[in-house]
Amino acid sequence: MFSDLRRDVVFPVLGAIVLFGLFLGAGAFYQGLLGGHERLVTFALIDAIIVLGIQIYVGNTGILSFGHIGFGAIAGYAFALSAISPVEKIKRVADAPFGLVDVHLDPWTSIAIAVVVVVTVAAVVGIGLARSGAESGAVSATVITLALLFVTHELARNWPDMTGGDRAGLSFRIGGALDSRVPIYIAFFGAIVVARLFAQSRMGRLAVAAREDNLAARAMGVNPLVQQMVGLLLSVGVVGVGASLRVYQKGSILPGDFFFNLTLVTLVMLIVGGRRSVTGALLGVGVITAGRELARRLGQDGFEIFGIGLDDAPLDWIFRPNLKMVFLGSAMLGFMIWRPAGLLDDWELDRWLHGKFGRRRTKPPVPLPMVAPGNSDALVVRGIDVAFGGFQALRDVSIDAGRQEVVGIIGPNGAGKTTLLNVITGLVPVDAGTVELGGVDLTGKQSFQIARHGLVRTFQNLRLFGALTVWENVEVSALVAQTTRDQPPLDVDALVAAAGLWEVRDRRARELDYGTSRRLELARAAAMSPTFLLLDEPTSGMSDTESMSMIEQVRSMAGVIGAGVVVIDHDLNFITGICDRIYCLDCGQVIAEGSPAEIQANPVVQAAYMGSSAQQ
Amino acid sequence: MAELLQNLIDGLGRGSIYALLALGVAVIFGVMHLLNFAHGELITVSGYATFWALSAGWSWYLVVPLIVAVSVVTSLVIERLAFSRVRGADDFTLLLTSFGVHFVVSAIFLLYVSASVKTFSRPGWVTNTYAVGFLRIEVFDTVVIGVTVLALVATSLLLQRTMFGLALRAAAADFDTARLMGVRSDSVIRGAFALSGVLAGIAGIFWLMRAGNTVPTAGVNPMLKGVLAALIGGLGSLRGAVLGGFVLGLAEVLLRSRLPDSLASLTEGVVFLLIALLFIFRPQGLISVAHAERV
Amino acid sequence: MLEVSGLTTRYGEISALRNASLIVGVGEVVGLIGPNGAGKTTLLNTLAGLLKPSEGVVTFDGEDVTGSSPERLLRMGLALVPEHRRIFGDLTVEENLRIGGITVSTRRRQSLLEEMAEQFPVLRQKWTTAAGYLSGGEAQQLAIARALMSEPRLLMMDEPSLGLAPVMVDVVFELISSLRDRGRTLLVVEQNATRMLDLADRAYVLRSGAVVAEGTGADLRADDQLFDTFLGN
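Protein chains in written order, with the working numbering: chain U, 1 to 616; chain Z, 1 to 295; chain X, 1 to 233.
One should not assume that every hint holds.
As the list claims (entries may be wrong) - A few chain U residues facing chain X, derived, Cβ under 7 Å:
(1) GLY414
(2) TYR514
(3) ASP544
(4) THR545
(5) HIS570
(6) MET610
None of these hints come from the bench; they were simulated from the model. Glycine included, each C-beta is placed from N, C-alpha and C at the ideal position.
Kindly produce the complete structure, drawing on both the sequences and the hints.
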């Protein structure tokens with residue numbers, strides 16, 4: 001679950017302690033020196049729990065959910081119905097079903113029940129989201145969650161037997177039922193720890209990879225739906241705790257408490273700080289809480305700043321009550337326009353601390369040795385037909401590749417090379433033909449399944465997991481390989497070193513120069529310990545010298561893991577330099593096959609590339 | 001049977017307004033890939049303009065064109081101030097920007113005008129009904145459906161017969177290639193917002209006439225209907241948006257009449273549930289426009 | 001008419017085009033050939049204003065147009081028939097042509113439409129058909145006619161024979177040939193180097209983003225080593 005205990009557990013917990021302290025310190029400062037009301041700090045803590053819950057999902061999966069407050073409503077009502085005394089319940093919901101009126105549990109059991117209820121609902125919703133093809137940026141997922149928000153709101157308003165309806169709601173006999181903040185402190189600390197541990201866990205990493213590039217993640221064997229579901233359940237659980245505490249603290253619940261307003265507030269907090277980071281989420285809570293409070297005070301009568309009363313015209317025209325709504329909306333708008341990633345983007349306190357103080361070995365490890373691949377598990381592609389609309393992209397294409405070979409596929413633009421690769425790796429369905437690896441029929445399987453079987457590819461347009469470091473990019477594949485392939489765990493350090501990436505292992509993938517990026521893509525694919533590496537134009541965009549060094553790169557990576565190679569490229573120099581055998585495609589068909597020398601001398605190949613003279 | 005016909009007409013009346021709103025949302029989505037959560041604010045602003053105009057003694061004959069004019073101006077102002085700065089951004093950013101605009105505008109009204117409901121008098125004929133056989137039809141519904149049909153025909157003509165409409169359709173299909181043809185990106189986006197404003201204005205006329213009042217949050221409901229209807233129809237299809245609007249209107253009316261009394265107030269909730277189910281099983285909406293993913 | 005000097009275009013870190021220079025004179029047909037991934041499309045897209053170069057100068061009719069927008073370049077007389085044609089599939093043939101002529105006056109546009117109908121009988125037959133239903137060859141003719149609607153001084157074409165059946169390839173090259181005969185100035189990127197060189201006055205060979213050879217069409221056509229130049233040997 002955690003690949004590096006120091007980085008993934010120890011430092012996050014330490015960081016959580018620091019963040020906890022900072023947050024409470026800020027609260028104490030506010031209460032003590034600025035004479036603030038303690039209720040503000042209490043609610044800020046509770047808001048923080050809710051925002052952290054939302055961050056677990058939105059931050060790690062990249063799916064914008066408007067529905068988490070709807071989940072909060074469900075948890076809040078479940079909590080209220082469990083915890084409020086029957087005496088109070090009779091006043092509002094005398095006709096409640098399932099004998100709920102008589103239920104009276106202590107607050108902690110009630111919170112547990114609320115969490116169980118809401119997580120169950122979330123599981124159902126999660127299945128729906130998966131069905132709709134949710135991924136980062138998907139509109140359908142956002143719509144479904146928005147619908148959830150409205151459904152819960154409408155239910156809460158229009159089911160008075162359960163919820164007390166719109167006007168009355170449910171309430172405890174005493175308002176502000178919590179005597180001490182200790183439970184809130186515990187929940188707050190727990191939320192930070194859960195959020196950070198999830199992000200650092202295997203599940204969390206894979207979720208982030210899928211967030212960065214869904215297609216590439218699937219090509220590395222990740223099934224994003226699993227991570228999204230786990231992330232959703234965890235996040236809803238945390239939100240459920242926060243929502244219950246909110247109800248408990250406020251002493252009542254009304255439908256409007258968990259609707260657009262709270263959605264806006266929590267979303268703005270998440271955006272301002274940086275939705276991809278827990279530290280950012282907390283910063284956002286602090287900034288927005290402070291801003292709202294300031295706005296509220298500015299709008300109050302009698303407020304003075306530097307001796308200027310803000311009640312005097314014309315200033316009183318600007319600073320009025322409800323200023324905080326304008327503040328919130330402007331904050332959301334402003335950040336989206338000028339800093340969509342938030343103040344901290346995805347910077348994490350504990351990762352920074354780990355970087356400074358928690359370094360592991362600084363000596364480069366021994367790079368992996370080359371291995372001799374066995375001769376088993378050949379790739380056999382037979383009779384592939386693919387048509388797009390009326391256009392025949394591939395016609396009866398057959399390819400063989402052995403594990404000890406490097407096989408090239410060349411051909412002019414539009415010949416069908418990438419389509420062939422897409423077919424083999426499951427991105428495009430076939431009309432006819434088979435793809436077999438070591439006798440196992442892979443035709444028509446999904447891309448992540450094919451990757452897990454041992455066919456791993458790279459992409460023509462670079463698709464790295466930009467926000468992850470070099471090391472983490474490689475680790476993603478290794479993590480998947482560990483659990484889905486019968487392989488001994490791969491020494492990621494050694495592979496990174498073998499790829500010549502040791503020096504830059506802690507740099508984010510999006511900061512790398514092009515040549516290094518290509519090498520990383522190769523290393524990441526290799527980390528799956530695949531049977532075959534399928535490379536799609538690995539030298540695209542490179543100069544002649546860079547292309548030549550790519551030959552060595554590919555040989556090295558393939559040699560280190562004992563994989564066969566199938567490579568598509570336009571750079572004939574590169575291809576003839578690296579391949580044992582070459583197929584030439586044109587107009588969707590194989591027109592020639594042979595050794596590099598044979599292919600270069602073949603007039604059919606020349607004609608395909610250079611074009612032929614006019615027919616009559 | 002009589003009830004069904006009655007529902008049909010009521011549903012068409014509602015659906016007409018939703019169709020206009022949805023079309024306004026779809027037009028902007030076509031050129032900018034932006035789901036405009038701020039679309040309803042055009043009606044909020046028009047609502048206040050209506051209130052002030054009527055309070056100042058204007059007649060409804062003058063207020064009607066005023067609503068459309070205010071709607072168009074507001075739309076263009078919002079484009080200039082907010083959306084022009086996030087062109088080409090990712091979907092997440094675009095969504096939240098429009099959300100932010102929505103909140104800022106309603107907050108401004110909340111702040112600087114009043115949170116309270118501003119009522120104004122509706123034209124006399126709004127509540128009139130007349131009989132056709134066994135049906136009782138509202139004059140209002142008739143007018144709404146009639147005007148909507150005219151508006152849709154006019155919009156269709158605009159899109160199909162004018163160069164502007166052609167430019168808009170081309171830009172929605174392939175923005176970069178449209179620029180290669182010489183279509184100016186600024187012009188076509190502003191044109192889309194203006195058209196969206198006109199459509200919202202016409203919808204707003206009837207929305208306000210039926211409501212008879214305005215509040216800072218007046219824009220939420222029309223925005224939701226417009227956005228949801230456009231989504232139901234399938235983003236990227238103008239025809240789908242119109243269809244989605246009518247489907248939504250009919251669904252609301254039919255549900256309300258079919259649901260047992262005890263659950264009648266849950267109509268809205270059920271509609272949302274159905275929408276969620278639609279998106280679970282058909283995320284591309286009713287009329288899908290194919291998008292290929294380049295590998 | 002067109003002078004390009006030291007043009008470099010980057011996609012993030014990649015230099016897709018390195019220090020490319022070329023000249024197109026009035027009335028010339030200039031070919032751009034080379035293996036794929038050579039940067040030919042990047043060059044045309046940069047010239048058409050869809051991409052911004054990071055270095056270099058582009059001069060059109062003596063005026064510096066480096067980094068201008070596509071809208072402006074089109075109005076100056078530089079039109080592009082994009083790779084894969086990019087016709088508007090939901091619009092009819094007539095509408096595609098109309099939008100191609102959006103920058104000319106209404107009257108002129110009308111007479112241009114009539115000209116195109118005459119010049120491209122295949123299109124006239126499918127005048128009111130949605131462009132998405134056209135075959136590859138018909139679509140290519142539409143794309144070219146659409147670009148001609150803007151009355152360009154220099155017409156650029158990106159791989160016009162791409163993905164076409166051999167018969168249609170003939171038609172397209174005949175079309176280019178007749179455009180040449182009418183005195184049009186053309187800059188054509190082509191994968192079919194042989195046929196392009198038969199047609200062109202001059203040509204440049206691109207590989208890995210740089211110009212590696214240039215000469216008259218006839219000279220390059222006769223060059224035995226051309227395939228090797230493609231390979232990079």
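Structure-based check of all given hints:
The restraint placing GLY414 (chain U) at the interface with chain X holds, with a minimum CB-CB distance near 5 Å, inside the 7 Å limit. A distance limit of 7 Å between C-beta atoms decides the matter here; for TYR514 (chain U) the minimum to chain X is near 4 Å, and the interface restraint holds. For the restraint placing ASP544 (chain U) at the interface with chain X, the shortest Cβ-Cβ distance is roughly 6 Å, inside the 7 Å limit, so the hint holds. Because the smallest distance between the Cβ of THR545 (chain U) and any Cβ of chain X comes to about 10 Å, over 7 Å, the interface hint for this residue is violated.
Evaluation of the HIS570 (chain U) hint against chain X yields a held restraint, the C-beta minimum of about 4 Å falling below 7 Å. Hint status for MET610 (chain U): holds, given a least beta-carbon distance of 5 Å to chain X, under 7 Å.
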